[in-house]
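**Q** For the record, the sequence lines run as chains A and B.
Our numbering puts the first residue of the first sequence at 21, with every later residue one more than the last.
Our numbering puts the first residue of the second sequence at 21, with every later residue one more than the last.
Rather than coming from a laboratory, the hints here were simulated on the basis of the structure.
Incorrect hints may have been included.
[Said to hold, decoys possible] Okay, derived cross-link-like pairs now, DSSO-like style, lysine-lysine, Cα gap no bigger than 30 angstroms in a straight line:
| id | chain 1 | residue 1 | chain 2 | residue 2 |
| --- | --- | --- | --- | --- |
| 1 | B | K587 | A | K587 |
| 2 | B | K532 | A | K587 |
| 3 | A | K335 | B | K335 |
| 4 | A | K238 | B | K587 |
| 5 | B | K532 | B | K422 |
| 6 | A | K572 | B | K233 |
| 7 | B | K238 | B | K213 |
| 8 | A | K587 | A | K572 |
| 9 | A | K532 | A | K602 |
| 10 | A | K331 | A | K233 |
| 11 | B | K39 | A | K587 |
| 12 | B | K233 | B | K532 |
| 13 | B | K241 | A | K532 |
| 14 | A | K39 | A | K432 |
| 15 | B | K241 | B | K422 |
| 16 | B | K602 | A | K587 |
| 17 | B | K241 | B | K335 |
| 18 | B | K532 | A | K331 |
| 19 | B | K572 | A | K602 |
| 20 | A | K572 | A | K532 |
| 21 | A | K471 | B | K335 |
| 22 | B | K39 | A | K335 |
| 23 | B | K471 | A | K432 |
| 24 | B | K39 | A | K471 |
| 25 | B | K532 | B | K471 |
| 26 | A | K572 | A | K602 |
| 27 | B | K532 | B | K587 |
| 28 | A | K213 | A | K238 |
| 29 | B | K532 | B | K572 |
| 30 | A | K572 | B | K238 |
| 31 | A | K587 | B | K331 |
| 32 | B | K233 | B | K331 |
| 33 | B | K335 | A | K39 |
[To be verified] Here are the computed distance ranges between Cβ atoms for each label pair:
| id | chain 1 | residue 1 | chain 2 | residue 2 | range |
| --- | --- | --- | --- | --- | --- |
| 34 | B | H199 | A | V204 | 21 to 27 angstroms |
| 35 | A | Q40 | B | L463 | 26 to 32 angstroms |
| 36 | A | I57 | B | E484 | 49 to 55 angstroms |
| 37 | A | Q40 | B | R196 | 53 to 59 angstroms |
| 38 | B | A581 | A | L42 | 44 to 50 angstroms |
For glycine and all other residues, C-beta sits at the position ideal for the given N, C-alpha and C.
There are 2 protein chains.
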Amino acid sequence: MTQSTDHSTRQEHRKPVWKQYLPVLEWLPAYRREDLIGDLLAGLIVAIMLVPQGMAYALLAGLPPQVGLYASIIPLILYGIFGTSRALAVGPVAIVSLLVATGVSPLAAVGSAEYVQLALTLALLVGIIQAGMGLLRIGFLVNFLSHPVLAGFTSAAAIVIGFSQMKHLLGVSIPRSAHFYETVLVTLESAAKANALTLGIGIVSIGVLFYFKSGLGKQLKRWGVADALAVPITKSAPLVVVLLGTGLVWGLGWHESGGVAIVGNVPAGLPPLTMPTLDGDVWRLLLPTALTISFVGYMESISVAKSLASKRRQKVDANQELIGLGLANVGTALTGGYPVTGGFSRSVVNFTAGANTGLASMVTAVLITLTVVFLTPLFYYLPNAVLAAIIMVAVIGLIDVKTFRHVWRYNKADAASMMITFAAVLIVGIESGILIGVAAAVLLFIWRTSKPHVAVVGRLGDSEIYRNVLRYPVQTCPHALVMRIDESLYFANTKYLEDTVLSHVADHPEIKQFVLVGTAVNFIDASALETLESLIYGLRDADVELHLAAIKGPVLDRLQAIGFVDKLGEDRIHMSTHDAMKALGCMERASN
Amino acid sequence: MTQSTDHSTRQEHRKPVWKQYLPVLEWLPAYRREDLIGDLLAGLIVAIMLVPQGMAYALLAGLPPQVGLYASIIPLILYGIFGTSRALAVGPVAIVSLLVATGVSPLAAVGSAEYVQLALTLALLVGIIQAGMGLLRIGFLVNFLSHPVLAGFTSAAAIVIGFSQMKHLLGVSIPRSAHFYETVLVTLESAAKANALTLGIGIVSIGVLFYFKSGLGKQLKRWGVADALAVPITKSAPLVVVLLGTGLVWGLGWHESGGVAIVGNVPAGLPPLTMPTLDGDVWRLLLPTALTISFVGYMESISVAKSLASKRRQKVDANQELIGLGLANVGTALTGGYPVTGGFSRSVVNFTAGANTGLASMVTAVLITLTVVFLTPLFYYLPNAVLAAIIMVAVIGLIDVKTFRHVWRYNKADAASMMITFAAVLIVGIESGILIGVAAAVLLFIWRTSKPHVAVVGRLGDSEIYRNVLRYPVQTCPHALVMRIDESLYFANTKYLEDTVLSHVADHPEIKQFVLVGTAVNFIDASALETLESLIYGLRDADVELHLAAIKGPVLDRLQAIGFVDKLGEDRIHMSTHDAMKALGCMERASN
């Protein structure tokens, strides 16, 4: 060991403020030529994935396909400048697209100009909320979304998304329903009217996508193909089915002869400059959805950003991430897009393909720009069923049975909050569902801490160690009851504490002292302080002395400052359980 | 010490179920003659207080005075049978009466038959909710009402109640306002039109009540009057002002000559049998108020019940208390009353006057019955101003500046939730106010635990004790960072944990091992488990080993069962911090 405090202070010289808010200034001036290949390759591969995905997710959101492409340009550049993750791939994602559809479709007809306008207004709101939370440094609020709630939400949302695409796969038209079960019923009814050719294209696309996802990688490995080549090949699956589907329909004229629905005309040209609606009433209507997207989108993004950054010992700053994503959303609102966030799968691809800096995102943005300017005519014959297949394969992995089983085995309360969220999203609705889930998680947490683990402890042999009398053969003191409480004392468990203490005292008339051991008490709030004070007097009236042992330094400081120690009596506070036992004369009879 | 586990098991022979649900069977068969005097005296004194208070609180609730008396008969008998506290005095109380007025007055005209009917329907709902919570054993839900929130609510409610009585004191008529500030403004405006005689009666009554409350007791002591006599005398203050006020108005005819408002005709006779409204729509309208009364009423009652029981080493069962109060409310609903609960001041009087069993409550009930049957004509000339004075003096003590100052000094977060509740009740409204307070308390609690205290620790001298490097001159190990986290790990702080660990690792490239010390970690929920798992892999990619030390038994059992220990590696788990240091080779250089 070395006499040092070098780990202690976290004492870097504080960054200048402008650098903190502009992470681009960290990596750009120090850009190394050897990072360039990785950034270029990663940017290219992500672009290959993003073109079909962007169009597909726009479709899922009820928007024209080009909106998904517009949302894949400016936001990426802004995130590259303001975001702290070096490998996060921002753009349209499935869950956010579903939330857009849920929030906007009750307010305007799908496909109408009004609908598009509302979607970009929604993006502006999301941008303001996220950037605002980042600037106010209140990002901790998203912590209310626990992992089980998020997993339950994502799984249910994936099912809703999957079913919403069935109409494109079947080639039938189904009106949007407010309730999921209605969508399921109507979809099942219309299965009989399916367009066989459309369904065929869809099923083949799904087959190809799955093959690229699992079988092909192993195959390429067996053939000795290097990873640097294998990754781009496997990740180009969406592009492959797009080309295949487009080629078939174009070559065989299935859009006319077979009634296969196609994307049709996608306008060419740079993203338009757009002005979101600045109307308080509209904002109020969109606010619940905007809040949901802000929280859910951020959670999806920050999880992957952190996990990737940790692999290279890089840091992600939670509040700056909110600012970065917020500005990306403001950007998408001004350039004809819709809400975006950092996507899980594309970010992982970006990282493994070698993205070293934000430049990779910028490369993607340039390639998408070239696509919207020059390549949109190619998408005319693209069947909707192909895009539906891309969405369905993308979301199937979000149905998280494994996490559910894991959580169920680990902790029933967490499993309950996951199940409640899952069921509420499917039964009540997407947005109410997640709110119900969050409330359930908070309630279950309070419930969990409201009945803390409490142990009456005794002395282990001749040691100074005190353990649970129920687990160990220990010695106890006839006139002193020693109880360890394994939880911070706060309003939710203060009644339980009081009940437990008083009930032990009532059950054991021989007790003259009651010792509360605080090794696991990290804080005592005002409610618990009040309870402890009333316990002093209540126990005094019952001829029992209250003692405290092994209270933590910061907790004791507080009790001292508020005068509790004086009320209790200085001599009733003991440094350790053993000290308390000695002071109470329990050692004298140790040999009896 | 003795080798024993006698404190451990709490092993009384379990009570038979019927005895658990009928506490009367505990005390009645074993009734001792020497308890009788205390019970009779306490019952009498409480009745003397309750007659004027019952009428006054009914007035506050917007109900005819006899309703307050009806609510003081059957509920007391039912609580005596089903309640577990021996000294709790059930009946009308100020806060619940205010809540009744708040909830019912928007639905019916004050004083109308419909209003009375709604009030007793409300009592039925409260009864069902409380008894239901008791039977389902979900009484822990009331824990959401923290002490600061309750204190903030009570203080604000006392101010609202006090102002609501100003019109009776001034002898003017003021319409009920939805907002407190309106009531204040209108009251101030009408002060100029005050009836001088009414105001005089009110002010003299207030003076007498205050004198009995503080000065008289000392005076009697100086005169050598025994407590057994002094207590009944001081507690009869409401009766004294009632007699004085009634006598003056009757004798001098002020109700006619001076325009002094009087109670008027109070019907004589036993409480009527009444049928609450059984209509789903009405129930839905009353539900929010019923929930608020159920929670707030129960909290007021259980606090005093527990504090009194502890003085005699008796037990109060929280769920049975809910059942007892619930049945009391069902009883009041069927006999022309309105919602009741255990009142603070009357219960304390009951206890100090010598109430030994539930018989005291039954004595009170009999005396109130005699009052409504025979004595109501006496109240004809009772001025409303006297009742208002009784209410105002009763509630002034509820304005809890002392608690606020205490909490402010102790803990700013608790003080904030108290202030928020206080302000919200006055500004937004009684019921929304308490909801806002509860939400604020939960939010502040989550916020508090979302950034737990974290300490990098080092070895203290040559001991096995490890302490915060910032507070103690300790030795650290250059290649191993040891961090203690002083909080359970759960969804609200899992992001903070991850941030902190990763940021330390990023700041200290020399680290090869990261040791997390779990002495203060009482549980790890599924979100935190997920974070720990991702930390294993994230740190591994950064060439840092994750180690855990001093994890508590129950927590470790869980981690083992879910396979986390296998993922981490058996050799990465250490019994104590010192064991971890030894295993990581930090001892070898101890003499450097």
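**Q** Look at each hint and say if it fits the structure.
**A** So, going through the hints one by one against the coordinates:
1. K587/B - K587/A: violated, 50 angstroms
2. K532/B - K587/A: violated, 49 angstroms
3. K335/A - K335/B: violated, 55 angstroms
4. K238/A - K587/B: holds, 25 angstroms
5. K532/B - K422/B: violated, 53 angstroms
6. K572/A - K233/B: Status violated; Cα separation ~42 angstroms.
7. K238/B - K213/B: violated, 39 angstroms
8. K587/A - K572/A: Answer holds: K587/A to K572/A is near 19 angstroms, not above 30 angstroms.
9. K532/A - K602/A: holds, 15 angstroms
10. K331/A - K233/A: Given that 30 angstroms is the threshold and the Cα spacing comes to 24 angstroms, the pair holds.
11. K39/B - K587/A: violated, 39 angstroms
12. K233/B - K532/B: Roughly 71 angstroms separates the two Cα atoms, so the pair is violated.
13. K241/B - K532/A: This hinted pair is violated, its Cα atoms lying about 33 angstroms apart.
14. K39/A - K432/A: Violated - the C-alpha atoms of K432/A and K39/A are around 45 angstroms apart, more than 30 angstroms.
15. K241/B - K422/B: Given that 30 angstroms is the threshold and the Cα spacing comes to 27 angstroms, the pair holds.
16. K602/B - K587/A: violated, 43 angstroms
17. K241/B - K335/B: Distance of about 33 angstroms is beyond 30 angstroms: violated.
18. K532/B - K331/A: The given pair, whose Cα atoms are some 14 angstroms apart, holds under the 30 angstroms limit.
19. K572/B - K602/A: holds, 26 angstroms
20. K572/A - K532/A: Cα-Cα ~25 angstroms, so holds.
21. K471/A - K335/B: holds, 18 angstroms
22. K39/B - K335/A: violated, 62 angstroms
23. K471/B - K432/A: Satisfied, since the Cα-Cα distance of roughly 25 angstroms is no more than 30 angstroms.
24. K39/B - K471/A: holds, 25 angstroms
25. K532/B - K471/B: holds, 25 angstroms
26. K572/A - K602/A: Within the cut-off at roughly 20 angstroms; holds.
27. K532/B - K587/B: The hint holds at about 18 angstroms.
28. K213/A - K238/A: violated, 39 angstroms
29. K532/B - K572/B: Holds, at about 25 angstroms.
30. K572/A - K238/B: violated, 44 angstroms
31. K587/A - K331/B: Holds, because 18 angstroms separates the two Cα atoms, which is no more than 30 angstroms.
32. K233/B - K331/B: Given that 30 angstroms is the threshold and the Cα spacing comes to 23 angstroms, the pair holds.
33. K335/B - K39/A: violated, 63 angstroms
34. H199/B - V204/A: 21 to 27 angstroms: With Cβ atoms ~48 angstroms apart, the hint is violated.
35. Q40/A - L463/B: 26 to 32 angstroms: Hint holds: Cβ distance 27 angstroms, inside 26 to 32 angstroms.
36. I57/A - E484/B: 49 to 55 angstroms: Because 52 angstroms falls inside the window, the suggested range holds.
37. Q40/A - R196/B: 53 to 59 angstroms: Holds, since Q40/A and R196/B (Cβ atoms, about 55 angstroms apart) stay within the stated range.
38. A581/B - L42/A: 44 to 50 angstroms: Given a distance of about 47 angstroms, which is inside 44 to 50 angstroms, the answer is holds.
Comparing the model with each earlier hint shows violations of hints 1, 2, 3, 5, 6, 7, 11, 12, 13, 14, 16, 17, 22, 28, 30, 33 and 34; every other hint is respected.
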